[in-house]
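Q: What follows is each chain in one-letter form.
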Amino acid sequence: MTEKKILIIDDDQHLQLGLSARLRARGYRVTCAADAISAITVARKELPDLIILDLGLPAGDGFVVLERMRDLADLAAIPVIVLSARDPADNKKRSLDAGAVAFFQKPPDNHEFLAAIRHALGETVALSTFLKT
Amino acid sequence: MTPEASRRADAPEYSPPATPILPLCDSTLLQEKGNMQVSPALRADLLDLKAWSEILMTYGRTMRVAVALTDSQGQVLGKCHNPQPVWQLVHRAERDRGSGCPFCINTLLPCTAVADALRTGGTVMVRDQVGLTHVSVPLLLGKLRLGAIVAGQVFDRYPDSLVLRRVAKDYGVSAQQLWELAKEQRPVSSAVLQASGDLLCALGNAFLRQRYSAILETKLAETNGRFRLLVEGVMDHALFTMDSNGCVTSWNGGAERLLGYVDAAIMGQNFSCIFTREDIQNRVPERHLHKALIAGRADDEGWLVRGDRKQFWANVNITAMEENPGISRSFAIMVHDVTEQRKIAGVLEDARQERQRLEEKLLSHVSHELRTPLTAIYIFTTNLLDGVYGDLTTYQHEHLTLALENVQQLKSMVSDLLDITRVETHKLTVEPQHLSLAKLIDDVLSTCLTNAAVKNITLRSDVAPGLPFVWADPARVRQILINLIDNGIKFTPPSGSVTVASRPYVEKEGFLCLIVSDTGCGISSENCELVFERLSQVSSTTEASRSGLGLGLFISRELVSRHGGRIWVESELGRGSIFYFTLPVFSLAKLCSHVLTAPNLEAGCVTLIAVDVAQVAGAVQADILLEVRKVLERCIRPEQDVLLPSMSDAEPVKTFFIIACTDAKGFEVIASRMARELRKFDSASKLKPAISSTTLLLAPGQFGKEQIGDVAARIDQLVQSHLMGKDRLQ
Numbered sequence: 001m002t003e004k005k006i007l008i009i010d011d012d013q014h015l016q017l018g019l020s021a022r023l024r025a026r027g028y029r030v031t032c033a034a035d036a037i038s039a040i041t042v043a044r045k046e047l048p049d050l051i052i053l054d055l056g057l058p059a060g061d062g063f064v065v066l067e068r069m070r071d072l073a074d075l076a077a078i079p080v081i082v083l084s085a086r087d088p089a090d091n092k093k094r095s096l097d098a099g100a101v102a103f104f105q106k107p108p109d110n111h112e113f114l115a116a117i118r119h120a121l122g123e124t125v126a127l128s129t130f131l132k133t
Numbered sequence: 134m135t136p137e138a139s140r141r142a143d144a145p146e147y148s149p150p151a152t153p154i155l156p157l158c159d160s161t162l163l164q165e166k167g168n169m170q171v172s173p174a175l176r177a178d179l180l181d182l183k184a185w186s187e188i189l190m191t192y193g194r195t196m197r198v199a200v201a202l203t204d205s206q207g208q209v210l211g212k213c214h215n216p217q218p219v220w221q222l223v224h225r226a227e228r229d230r231g232s233g234c235p236f237c238i239n240t241l242l243p244c245t246a247v248a249d250a251l252r253t254g255g256t257v258m259v260r261d262q263v264g265l266t267h268v269s270v271p272l273l274l275g276k277l278r279l280g281a282i283v284a285g286q287v288f289d290r291y292p293d294s295l296v297l298r299r300v301a302k303d304y305g306v307s308a309q310q311l312w313e314l315a316k317e318q319r320p321v322s323s324a325v326l327q328a329s330g331d332l333l334c335a336l337g338n339a340f341l342r343q344r345y346s347a348i349l350e351t352k353l354a355e356t357n358g359r360f361r362l363l364v365e366g367v368m369d370h371a372l373f374t375m376d377s378n379g380c381v382t383s384w385n386g387g388a389e390r391l392l393g394y395v396d397a398a399i400m401g402q403n404f405s406c407i408f409t410r411e412d413i414q415n416r417v418p419e420r421h422l423h424k425a426l427i428a429g430r431a432d433d434e435g436w437l438v439r440g441d442r443k444q445f446w447a448n449v450n451i452t453a454m455e456e457n458p459g460i461s462r463s464f465a466i467m468v469h470d471v472t473e474q475r476k477i478a479g480v481l482e483d484a485r486q487e488r489q490r491l492e493e494k495l496l497s498h499v500s501h502e503l504r505t506p507l508t509a510i511y512i513f514t515t516n517l518l519d520g521v522y523g524d525l526t527t528y529q530h531e532h533l534t535l536a537l538e539n540v541q542q543l544k545s546m547v548s549d550l551l552d553i554t555r556v557e558t559h560k561l562t563v564e565p566q567h568l569s570l571a572k573l574i575d576d577v578l579s580t581c582l583t584n585a586a587v588k589n590i591t592l593r594s595d596v597a598p599g600l601p602f603v604w605a606d607p608a609r610v611r612q613i614l615i616n617l618i619d620n621g622i623k624f625t626p627p628s629g630s631v632t633v634a635s636r637p638y639v640e641k642e643g644f645l646c647l648i649v650s651d652t653g654c655g656i657s658s659e660n661c662e663l664v665f666e667r668l669s670q671v672s673s674t675t676e677a678s679r680s681g682l683g684l685g686l687f688i689s690r691e692l693v694s695r696h697g698g699r700i701w702v703e704s705e706l707g708r709g710s711i712f713y714f715t716l717p718v719f720s721l722a723k724l725c726s727h728v729l730t731a732p733n734l735e736a737g738c739v740t741l742i743a744v745d746v747a748q749v750a751g752a753v754q755a756d757i758l759l760e761v762r763k764v765l766e767r768c769i770r771p772e773q774d775v776l777l778p779s780m781s782d783a784e785p786v787k788t789f790f791i792i793a794c795t796d797a798k799g800f801e802v803i804a805s806r807m808a809r810e811l812r813k814f815d816s817a818s819k820l821k822p823a824i825s826s827t828t829l830l831l832a833p834g835q836f837g838k839e840q841i842g843d844v845a846a847r848i849d850q851l852v853q854s855h856l857m858g859k860d861r862l863q
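Line by line, the protein sequences give chains P and A. When the letters of the first sequence are read in order and numbered with our numbering, they come out as residues 1 to 133. When the letters of the second sequence are read in order and numbered with our numbering, they come out as residues 134 to 863.
None of these hints come from the bench; they were simulated from the model. There's no promise every hint is true.
With a straight-line Cα cutoff of 27 Å, these simulated DSS-like cross-link-like pairs (lysine-lysine) come out [claimed, not checked]:
no., chain 1, residue 1, chain 2, residue 2
1, A, 494, P, 93
2, P, 93, A, 544
3, A, 443, A, 476
4, A, 544, A, 572
5, P, 92, P, 4
6, P, 92, A, 787
7, P, 4, A, 819
8, A, 352, A, 276
9, A, 572, P, 93
One chain only, chain A, in its complex shape:
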């Protein structure tokens, strides 16, 4: 490493000199370039000798000094301008001058002029032993030391003859010759050289900055040009800009092509002309700009109108551009014609629907077609089992029972398939009615008993007594319960148990929670949500337990949600599962709310009517009672009266209750109408209706809103006592 290089390495980071030669801080230049990174290419461009030549030569000639440019390492770039004769002589001598300063005649001693100038950022003047002086000034761009200019090779006085002679000897020329050369170099005093050094510093740095700006400008112009080409070249998007009022300020080729206006025609026009008339009436363009102003951008899709009045479906993005903060904003708009995409999306949607329709058709067809052979198998199997073709051996009976079980399983799978198609076509409906859960649960448990007994599983009912009626579809609740219980049986090892229980659902008023728990293999927590998905049967379950389509819980979830309830499971692997689902509780108050109003009750015109139906001989058939219900429905005024659902667990229902908005007098009219209608309906089967009434009376001022529930409870009480009284009579 040369001494100069090592000194540079040791030199502390540049710190601004006490008296800066150039006041660089007055502009943004320093801030901008304070820590800027200048790429090697830009550096080379900034110090391009061709650009510098003229200024260096002019300076050299004017000041009668030699001038050279160095890079940031202090290496002279190119030739020396306006070289001084002595310098030329030294160069001609072609002696090995080491890596010292080319301006120093005596190269044995290191010259630190350039290095010092770069390090300190100030002008450095050096005078060598022959009296030749040179001055070095740094070229600075912000904190960056890009290079230096060295000027000099002049005598500040005529050299002394002894020294000249020694130098001449060193370089192998005659002292006379050297003198002749030296004579041509007019001495410049140190003070003048120092001043000219400062001038050089100012000049050099000014030129450097000018050069820097020039380069940036060129680059900006290039970028702008490229960008313009790019914007112009974008043909499938309309790109244009608008001022704060929405008037067009630029218009690209894509805009011309897509929107059908040439830029001369549209420039300065309001951009609302590309919107449809309805949109303009609805102030859509203004709203877009407003939104863009507030949110920075606005996106929309809709019909736009071309210059030739043709419409197309477009994707519009408006971006607010903040050019002059706080003054006004302009907007950039991009419009893309997505008519085709929209068409394709439409076609895809049609295809999807068609596919769904076909899928549904296929599934319902499959479900239908499977039923026919299934029916034949079912009939033959039950015929055999019931001994239609003669007695069976125990063995035959046993195996046919197994066959029948499989038929039943197949049957429920086919039903599930049909339900799935209903879910997907939103046809899975429930018909809620006033429903007694206690009776239904008993019924379901007796159905599931056989299955449980086969696996030696105990089936328990832990349902609280006096369970309220629910508002649900009996067939569907039955399906949900059987599903959950069968699942429990399926995944519970022998001698385990499955329990059906109930509890009030405190999280949501007006709902009741049913619980089906088992002591089976359980479900891992990550699968607790998944079990309700379509075709999800957890893979780890044993082969023996895998049966069915894995649709049961999915269908159950759909059915529960159609009742307005929810279903979920709590489980732990190896410790069994607890399935919960909720159903809406039947609310008499809700059903009768339009009759049970304060004025009605205070006026004593709310009457509970009971219609008991009996037959002269024999029991009344269920279908006749159904018809009776229809007749009564026709007799009441639906806006004012309510025919209550069957309020008893007993089937068939022989007593009908009506909450009527009428007083005692009005009741007479209704009762005689009902009796007449029933007689008309039933002249042959000899029905005998008994119609009685109770007026619900409340003292004026007693009634509060919360008391509707109390009145409903009283109605319920009256109904129950009426039914019980009838039971006693029978």
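So here's chain P without its partners, still in its complex pose:
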């Protein structure tokens, strides 16, 4: 089985470092992007199995990234987990409506967060079916 690829889109270098260490230890391949523009470029180049997306990004926020991904055929099917410091009261529903599979507020509970990642990677096909309906 090939390694699953995860793309972390977050402008916080420390978070990239810590989270990618954890994910690599779990056997995933991790790439990172720090702004909205390079996020799309890297995503198209890498075609990851999962994207972990921050909402507050330089050069356009996470919602912009989500929207553009839905318009791009090669990215539309990739599940996205939003991980943001923003208030879930305002942003959770918006994220899910925009096509994210889950919303976590920073700092996330490790157990739940990793479970969601596993889940999202395991259900890639079924979930992409939902996105189309």
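Go by the hints and put chain A onto chain P.
A: For chain A alone, kept in the frame of chain P given last:
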């Protein structure tokens, strides 16, 4: 003390004489002045010699007697009017005459004429040994003895020569000379003098009263003048009066300036002209007068219109004045322009809102910004603890665990900060749903177990079995419970215990009470209310227990009240605390009330539909079930049917229940629509729905209003047996 003075001191209080000389009681004067206090200044004014001179002189000349005025102590004020020659002689003799009566020739014997007159309030006549007589009359103002008038120094007959000679000797004049003087004084008989004394009494007291009225009138005029000046001078308030119909009867300078009408123009006009057209249409002026008539006054704030049609925001006070009781009432109005104040208040309110907005922005910004570094710390710490970077020594592991605990604490504080801003901006909302408390409490207790174990505190659940479902937000109830339990752990010494329990809440129907009790330090009774306030951490608690922002109970209170419940604490210092909070019980009957009606049930068109979802291969995922729920929601008619919340503790829910307003035939239609929709929705993941139904039937006439609860209970029973049957099948 002179004999006269001592006599005065001993004299009993004045009592009216048997035959009053002046009928004083016929007027209000006596009542008014019965116990009046006359100031020394007024007293001096009343007995002002200048005013009295003319009347005394006239009297003296007419009656051919000497007249003098005395004060209330009997001391002669000023000079003697129309003095008699003998009197003058005595005065010229300049002999020391003691403090006796100046009218007595023989001063060796005390004269009590004045004192007696003051004491008795009646006319007193004295005749001395030389045959000189004088009469004393009191001046009375009500019960007050203001002074006396003495008249006399006349012979009632020509004196006998022996006596004259002795007097002449006493005063060092020749008997001849004295005789010459005495001759000039025409004798007045005692009877005449007595009569003239009565006349003097009447005259004196009449004059005194006239003088009193004159003084009062002057003072009143002065006061009136001052008041008028004051009213006129008030320029920033409009003051005016109206008759009982609301027509203007007076108009001050402030009214002219503020309302823009000169008094000539407004006098006699109805005051409603200062109100706006809408107010006049709504009969506001009349209502104000009516209110003032009933309550004595009416206050209001609103727009008024000036003579030049400009409007201003005014404070209006109308007072009803009762001038002629029972006849008609007039009104006094005070109008104050508060347009500026209103503007300022508006600006202040804006500033307050702006400040609140900034505060909220700051807090939410802080809460947001704290999360980013907190996340990095959290991730690195958990990475280390989970061995991502290699194995740790026991010591390292222990200390990193402590670090992680602190991170968790910081995290909950940051969340509290955010909740606080939500409370203040009324954004703290709860999303109630059908919730199983038993499951949630178990879950919360296992979360809190680590904390309790560290402090060697026993965590107990004493929740009654078969706890009803509640209608509450699970995340928020969890937050409240964790808050209360963590608090209990924090304030309980090692080897104590924290217990979660439940009891029915009898005080309010449809509510359930949860209890979190501890064996900790307790709260003094005066602090029992305060603990729920913002940032209230009772100062006496030990340093070790002080952690957190002191916001937890405040937030808990807000959350409980948003569920419609209440929270309170019973505690005693040193004996632990018991926190109570109530939550609304989920009511199936309430949820389905619009379907469960008598006609529906009697007609047999209430059907319980169960939709079981299974997948051809593997377990159904929670998100798919969420989507299924959405599909079913679209299939029902919301005004007629109810998609029940998940009625089982098991997650994820694979059975959906619908109370539909339909009979057996209608069910076929609904079932086929649902099956079609679900197939359409899920062509790939191969869901397999099984749709079954039970019609709730009631014989006609059986149904009473109270039976909705019974029907709901039956639905609940059917649901539970369906779920259990399915469990058995699996």
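Q: So, for every hint listed, does it hold in this structure?
A: Outcome of the hint check:
1. A:494 <-> P:93: Holds: residue 494 of chain A and residue 93 of chain P sit about 21 Å apart, inside 27 Å.
2. P:93 <-> A:544: holds, 22 Å
3. A:443 <-> A:476: holds, 16 Å
4. A:544 <-> A:572: Distance of about 25 Å is within 27 Å: holds.
5. P:92 <-> P:4: holds, 26 Å
6. P:92 <-> A:787: Holds. Residue 92 of chain P to residue 787 of chain A sits at ~25 Å (cutoff 27 Å).
7. P:4 <-> A:819: Distance ~26 Å between residue 4 of chain P and residue 819 of chain A Cα, so the pair holds.
8. A:352 <-> A:276: Holds - the C-alpha atoms of residue 276 of chain A and residue 352 of chain A are around 22 Å apart, at most 27 Å.
9. A:572 <-> P:93: holds, 26 Å
The earlier numbered hints are all upheld by this structure, with none contradicted.
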